[in-house]
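Peer 1: Here's the letter readout for the chains.
Number of protein chains: 2
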Amino acid sequence: MPQLGLLPRRAWAALLSQLLRPPCASCTRAVRCHSQGTRDLSPQQMVVREKILDLVVSCFKRHGAKGMDTPAFELKEMLTEKYGEDSGLMYDLKDQGGELLSLRYDLTVPFARYLAMNKVKKMKRYHVGKVWRRESPTIVQGRYREFCQCDFDIAGQFDPMIPDAECLKIMCEILNGLQLGDFLIKVNDRRIVDGMFAVCGVPESKFRTICSSIDKLDKMAWKDVRHEMVAKKGLAPEVADRIGDYVRCHGGESLVKQMFQDPRLSQNKQALEGLGDLKLLFEYLTLFGIAKKISFDLSLARGLDYYTGVIYEAVLLHTPTQAGEEPLSVGSVAAGGRYDGLVGMFDPKGHKVPCVGLSIGVERIFNIVEQRMKTFGEKVRTTETQVLVATPHKNFLHERLKLIAELWDAGIKAEMLYKNNPKLLTQLHYCESTGIPLVVIVGEQELKEGVVKIRSVASREEVAIKRENLVAEIQKRLSES
Amino acid sequence: MPQLGLLPRRAWAALLSQLLRPPCASCTRAVRCHSQGTRDLSPQQMVVREKILDLVVSCFKRHGAKGMDTPAFELKEMLTEKYGEDSGLMYDLKDQGGELLSLRYDLTVPFARYLAMNKVKKMKRYHVGKVWRRESPTIVQGRYREFCQCDFDIAGQFDPMIPDAECLKIMCEILNGLQLGDFLIKVNDRRIVDGMFAVCGVPESKFRTICSSIDKLDKMAWKDVRHEMVAKKGLAPEVADRIGDYVRCHGGESLVKQMFQDPRLSQNKQALEGLGDLKLLFEYLTLFGIAKKISFDLSLARGLDYYTGVIYEAVLLHTPTQAGEEPLSVGSVAAGGRYDGLVGMFDPKGHKVPCVGLSIGVERIFNIVEQRMKTFGEKVRTTETQVLVATPHKNFLHERLKLIAELWDAGIKAEMLYKNNPKLLTQLHYCESTGIPLVVIVGEQELKEGVVKIRSVASREEVAIKRENLVAEIQKRLSES
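First to last, the sequence lines map onto chains A and B. The opening position of the first sequence corresponds to residue -19 in the working numbering, with each subsequent residue numbered one higher. The opening position of the second sequence corresponds to residue -19 in the working numbering, with each subsequent residue numbered one higher.
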C-alpha cells in the first residue's frame, strides 16, 4: 500500500487512474486521452484543411449556393428510419432532461428537416460541418468517428436531370481543382438497382438489405458479397448469380443503350425510367464536357436508404504514388444522389420536395494531401505574421509595445517576443523558424535619430527609415512581395 | 379508433406523434422540431455570421495565432473538476461502448489538454468552434445551449503581463472593428478576489462558491447576491457586508494605487501580488493606447474555477438604441483571464504551462447585428452569383448548358434556371430578387450571328459581343464593378 500521506489523495487517485488506463487508441500516447476515433487537429493540419475547404466552398458558391447550419444534435425521432442498416452507428446523448437526442449522422437529413419545417420548396445550399458515426475506426484509411462533411444540395421541382448534371459537374470541378490525380465518377440509379433486383428475383422485402450488401462491392470481393447475400441474408444462390452478371457491367453512355435492350431489364418499368433519366443525364454531361469522366456502373448501390433516383460516387483512379510515396487506400472521395422522398417524411401532410445533392469526402482528401506533403517534405507556415518588432538593446520593451500597437492598428500582422529583454539573435531565429519575412528594429541609435530599421529576413538587408513613415513603408513592401 | 386500413401504419404513427407533440421551444412552429435551446441558422444569418467571424479571425491572425481544432466530445474525466459549480450543465453522451463522453463545455479545457498531451510548452492559438451547455435557454437574451466560441490564448512562461496586455488589446481591436458602440473592459485579478475574501473573513473552503455568487453581480442586484451568500451559502452577514464595500469599487489605474493603501487588502500577500500585476498591466495598456477603455472593477469575479490571475470581461456601455431600435440586453460580449494551473491538471507529473486568453461572445454579437439590420431594414445577398445564363426562346437548354459550363470553368459565379424553357421575364425577375448583376442572353438571332448579349440588370442596357470574347468581357466588367 503506498503511503498516502506523501501525496494529496486526489494526486494518488490521478496517478492510479493514469497507471490503469489503456494506451490511447487515437494517438500514439501511452495513456488514453481521446475518445475512440476522434483526434485533435494541429495547426499544420488546419492550414491544409483551410485550403481544401476554401476551394470546395468557393466552387459551391460559384454554383449559386447559400450557406446554412443546423445543430450538432437533433431530436432522435428526426433521425430514425432515415439511414437503414447504418442507424445503429448513431451517437445518442444521455437523457438529462426528458429529450432523446442524437448527434447528426450526416448533413442531408437535417437539411430535409429544415426544408419541411420551414416549408421551403426551393433552395440551393451548401453546408460544411462535422458529423458523427460510431464506426469501428480504422484510422489508416482515413475513417474517423468525428468527421467533416461538405454538402451541396438542390431542392425543388425542376425539369429532369438538369440539377443532377450540375451536381456531377461540381464534383468534377472540385476534384480537378484539388489536383488529386485522375478520377472517375460511377453513376447508377436506385430505380435501375431495384429493377435489377426485381428481374433477378429478389423478394421486395429484401431490396434494401441486398442493396446494402451490393454497396460493399468497392471494399469486398464479389464472392464475399455473394456469401453475405446467400448465407446471411437468405437469398437464393441462383438469384445472387443473376445479380452477379449485372453488377459486373460498367461503361459509358453506350452501356445505357445496351441495357435498354437487355431482355429482362427492359421489361421492368422502374428500370426503364432510370435508364431514360441516365440517357438524358449523359446528354447534359456531354454538353458540360465531362461525359468521359462518368461511368455507368451497375455495381453502384449506395448504402443509405433515402436515395430514390440517380446515385453517384467518385473514386480516384490511382492513389498518387509518385517516387517514394506510400500507397494509400482511400475508397470514394465524393458521392451523392437524388432523394425525392426524404423531405416528405418530415412534413405532417407528406408534401414532397425533390432533392439531389453531393457530399465531398474531405476527410479522405485531407489525408491524401497530408501524406503527399509528408512524402515530399513540404512545409506550411502555420501563421501569417508579416513583421517581428525587435530590439538589440535592453529596456526597450516600452518602445516595442508602442511600435507594435501602431502596426496592429494599421492592420499589419505583427508579433514580438514576450520578454522584457530578448536577445537579438533569439528574435532573428524566431523569424527564420516561423517564416516571418520582415523585422522592425528599434534600439538606442534609432530612437535618438527618430528612425527605425527594417530588415529583410531573407536578404539580411537593413534600411533605416523615418519613424513616422514606418507603416506606409511596410505596407509598400508587403504589397510588392 | 381510427380505421387503420385507410393509411399505412407508419403514416398513422407519424400523424399521432405530430398531434401529441408540444410546440417547439426554439422556433415558432406548432410542433416540436428542435432540441431545446438549439436552432438552425438561415442563409441570411450565415452571411452576418461569416462577416463577423472573418473580422474576429483576421484579428487573431494579425496577432500571430495558429488555428487548431479538438473533437466535439471528450472523455468525461477530462472535463470534470475544471468548471466548478457549472459542471452540472455538461451534456453527457449515452454509454454505447464503454466510454463515458461529454460534449465540450468550452474551448479552453480542451486546449489545456492538448498542450499537456503533446507536451507543448509555448503556443499562441485561436479556435473557433461550437460548445454546448445545458443552461435554461432564454433565447431573447441570445443564450443558446449550442453556441459558437472564438478563443485566442497564449500559452508559455513569459515576462509578466505582456501577453495579458495583448489579450486586452485584441478585445479592443475586435470590439472597435465590429462597431457595436462604446464598450468598457472590466479587469480584476483572482488573487485580489481571494485576498479580498480572506481579509473580509470568508473561510477558505467557501472561496470558490462565494466567487460564483459575486460573478452574478452583473445580472443580479447586490441585495440578492448578498442573500444568496448569507442564506444559501452560510456566510456571516458582516462578512458579506465587508465584501459589499469592496465590490462597489471600480475605477482606473488610480484605484489600483488606492487599493495598495487599503488597510486590510495591503496586509494580504496574494492581493498585493495581484495589485502589482495590475499596475504593470495598466502601464502596458497605456502604451497600447487603450487604458481609457479599461476599468479596474472589484465586483468582477468570473464564474469558472480555473482562473488564477488577471480576469477581464467586456461590456457594451449602451446597447445601440438609435431611432426605433429596440433595446437588447446583452451582458458581456468578451471575457477571459489567466489560468496558470489548468495544463498541469492534465500532466501526469503536474508540469505547469501558464496561459492567458480570451473568448469573444460572438453569439450575442450576432444577435445585436441581426437586430440592428432588422430595425434598419438592411438586406444581405445570400449568394454571390455574378451572372445568370438566360434565353428568350424555347429549345435553348443545350446552348445554355454549354455557355454556363464555360463560365464555371473560367471561375465565374453563374446560375441558370433549371427549366427546359423558362420565360425571359421569370429569368430577369430571378436576377432582381436575388441581386445577380449581369445576364448573358442567347437566343436564335444571337446563335445565328455568333454573339451573345450581356445585359446589366441595374441599367437594363444590353450589348452584343462575340461568343468567343464572352469570358474575357465578363471578367472585365466584374473587375470594374
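A hint or two may mislead.
Which copy is meant is left open, so a pair is good if it fits within one copy or across any two.
Here are the simulated DSS-like pairs of lysine-lysine, each with C-alpha atoms no more than 27 Å apart in a straight line [said to hold, decoys possible]:
hint	residue 1	residue 2
1	329	237
2	237	403
3	273	354
4	374	212
5	186	199
6	110	41
7	329	393
8	354	56
9	399	249
10	199	213
Hints are computed from structural coordinates only; laboratory data are not their basis.
Peer 1: Check the structure against each numbered hint from earlier and tell me which ones fail, lowest number first.
Peer 2: 1, 2, 3, 4, 7, 8
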